[in-house]
Structures are given as C-alpha cells and as structure tokens.
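Going line by line, the protein sequences match chains G and P. Reading the first sequence from the start, the letters are residues 1 to 47 in my numbering. Reading the second sequence from the start, the letters are residues 1001 to 1193 in my numbering.
FYI, nobody ran anything at the bench for these hints, they're computed from the structure. Small disclaimer: the values here were computed from a predicted structure and weren't measured. Don't take each hint at face value.
As the list claims (entries may be wrong) - Derived DSS-like pairs (lysine-lysine); straight-line CA-CA distance at most 27 Å:
no., chain 1, residue 1, chain 2, residue 2
1, G, K41, P, K1057
2, G, K18, P, K1142
3, G, K41, P, K1182
4, P, K1064, G, K33
5, P, K1091, G, K30
6, G, K16, P, K1156
7, P, K1072, G, K18
8, P, K1114, G, K41
9, G, K33, P, K1091
10, G, K18, P, K1063
11, G, K33, P, K1156
12, P, K1016, G, K30
13, G, K16, P, K1182
14, P, K1123, G, K33
15, P, K1040, G, K16
16, G, K33, P, K1139
17, P, K1072, G, K16
18, P, K1182, P, K1128
19, P, K1057, G, K30
20, G, K16, P, K1139
21, P, K1156, P, K1139
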Amino acid sequence: MENFYVKNKSKCKIVKAKPETIEFLLNYSKSLKITEAEGIKFESNLN
Amino acid sequence: MELQLADSQLIRYYIKGDERALETLINRHNQRLSSFIYSKVNDREITEDIFQDTFIKVIRTLKKGRYSEEGKFLPWVMRIAHNLIIDHFRKNSRMPLFEGTSSFNIFSVISDEKLNAEKQLIKNQIDKDLVLLIDELPKDQKDVLVMRIYKDMSFKEISENTGVSINTALGRMRYALINLRKIIEENNIVLTN
Chain G
1 MENFYVKNKS KCKIVKAKPE TIEFLLNYSK SLKITEAEGI KFESNLN
Chain P
1001 MELQLADSQL IRYYIKGDER ALETLINRHN QRLSSFIYSK VNDREITEDI FQDTFIKVIR
1061 TLKKGRYSEE GKFLPWVMRI AHNLIIDHFR KNSRMPLFEG TSSFNIFSVI SDEKLNAEKQ
1121 LIKNQIDKDL VLLIDELPKD QKDVLVMRIY KDMSFKEISE NTGVSINTAL GRMRYALINL
1181 RKIIEENNIV LTN
C-alpha cells in the first residue's frame, strides 16, 4: 500500500564526458597518423 | 560577438590539420552525446567509455578521409554511438558482468525478498497506521478495500459478497483510495519504507 504514495522522479539527467576523456581524445588525435602506400591506408600511433 | 563556425567548416579545418577544430566539435556536442548515451546505458563509466570509443571512430574516419558530408555531423556521431550502445548490450547479454559501484550495490538485486530488521519494523508501523486510516473511511468503501487488499478477493467475489455490481465495487475501491490519500495529505502523514 505504501507504494501508492511514491511519486515518480524524473529520470532525465544531464551528463558530460570528463575533461580527462576529452584530453585523451585530443592527444589520440594528435598522435594518430595515416599514411598511404599503394592505395592502402596505414594507421600509426606515435605516442 | 563571437562567430560560431558550422560543424562542416570545423571538420574541413580538422581534416586540414587544425586540432583545435576537433576540440571545439567535441565540446560543442559533449553534453548532448553524453546525455544520449547515458539515457540508454544508465551508467556513468560506460557512458564515458562509449563516448570515448565514438570519438575514436570519428577521428579515424575523418583522418582517413572517409567522411562524406551527406548528412549532418551530429546525427552521424549519434549513429556511431547508437551502434556502440547496441554492441555493448550484445556483449553484456553474452557475458553478463555485475560489478558494484558507489551508487549501485549488487546485493540490492540478488538479496532475498525478506526485509531487514529495520525495514520490517517500519513496515509493521506503516501497517498499523494504515489500519487506523482505513477505519476512518465510510463503511462501504472500507469493506471493499479490506476484501480486496487484505483478503485478496477479486472484484467479482467482492460484488457477490456485498450484493453490488462489479462497477460499484470498483468505484468504491477508487473512492477509498482517493479518500485515504486525502486523509494522508490533510494530516501530513508520511508513509514510507
């Protein structure tokens, strides 16, 4: 019976990725190099 | 006034080697994308992982020159995130993994149905209070509510026992609940467990 009186709370939540995650992505982008040889693309990560 | 560059222009700058353009794109869509992922997975850590994997795919596609400006940037990124969310649930359904976090305790899911001692005491008190509240109801409503809730009778059985139609029994039950709520609100009673 007590459940009749529980009000629904909004489940919406504003979430943002952490600054560390963004930092990681930016560093990943800077270190990722694509080289092409004979029509084939190679990825290299220069960390 | 600060001029805001369109996503398509930022992508062009990024492909030409301007890394700051990527930062602007990520920050611009961070909240929308993260909230979208979170709304599906309901977990901060997994949201963070999928957000990261989404942009890794974005970065690789853009750097390889495979991005075509057919649609808009955000819907494209959302589609990537959506596919990664599906992958996540597929992987988890094959190999379910349960881990406790500060906000989620595995024992809240696998515990038995019995209440702990504290909750049992609270429940007993609520049950007692409720009996007193039900006593305040008009007799016809009280009878229907007691038969339905405490004696677990169907509305058909209630109607046969009280000599009224099923609709009348349903109506009485409805008014009983409305009146109970009224009594609770008017007297500022808190019933919770």
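Consistency of the hints with the structure:
1. A threshold of 27 Å between alpha carbons decides the hint, and for G/K41 with P/K1057 the separation of about 15 Å falls inside it, so the pair holds.
2. Of the supplied pair hints, the one linking G/K18 and P/K1142 is violated, its CA atoms being roughly 55 Å apart against a limit of 27 Å.
3. For the given pair, G/K41 sits about 71 Å from P/K1182 by alpha-carbon distance, which is inconsistent with the 27 Å threshold.
4. For the suggested pair P/K1064 and G/K33, the alpha carbons sit about 9 Å apart, so the restraint of at most 27 Å is met.
5. Among the hinted pairs, P/K1091 with G/K30 is inconsistent with the structure: their alpha-carbon atoms are about 30 Å apart, more than 27 Å.
6. Taking the CA atoms of G/K16 and P/K1156, the gap is near 53 Å; set against the 27 Å cutoff, the hint is violated.
7. With a CA separation close to 25 Å, the supplied pair P/K1072 and G/K18 stays within the 27 Å bound.
8. With a CA separation close to 61 Å, the supplied pair P/K1114 and G/K41 exceeds the 27 Å bound.
9. A threshold of 27 Å between alpha carbons decides the hint, and for G/K33 with P/K1091 the separation of about 30 Å lies outside it, so the pair is violated.
10. Distance hint between G/K18 and P/K1063 is fulfilled; the C-alpha atoms sit about 24 Å from each other, no more than 27 Å.
11. In summary, the hint linking G/K33 to P/K1156 is not supported, as the alpha carbons are separated by about 74 Å, beyond the 27 Å threshold.
12. As the CA atoms of P/K1016 and G/K30 are separated by approximately 13 Å, the hinted pair is consistent with the 27 Å bound.
13. With a C-alpha separation of about 42 Å, the suggested pairing of G/K16 with P/K1182 is violated against the 27 Å cut-off.
14. Under the criterion of a C-alpha separation no larger than 27 Å, the hint pairing P/K1123 with G/K33 is inconsistent with the structure, at around 64 Å.
15. A threshold of 27 Å between alpha carbons decides the hint, and for P/K1040 with G/K16 the separation of about 14 Å falls inside it, so the pair holds.
16. Between the alpha carbons of G/K33 and P/K1139 the distance comes to roughly 81 Å, so the proposed pair goes past 27 Å and is violated.
17. Note on P/K1072 and G/K16: the hinted pairing holds, with a Cα-Cα distance of about 21 Å set against a maximum of 27 Å.
18. Distance check on the hinted pair: P/K1182 and P/K1128 sit about 18 Å apart at the alpha-carbon level, within 27 Å; holds.
19. Taking the CA atoms of P/K1057 and G/K30, the gap is near 14 Å; set against the 27 Å cutoff, the hint holds.
20. A threshold of 27 Å between alpha carbons decides the hint, and for G/K16 with P/K1139 the separation of about 55 Å lies outside it, so the pair is violated.
21. Taken as a hint, the P/K1156 and P/K1139 pair is honoured in the structure, with Cα atoms around 19 Å apart against an allowance of 27 Å.
In this structure, the hints that do not hold are numbers 2, 3, 5, 6, 8, 9, 11, 13, 14, 16 and 20, in rising order.
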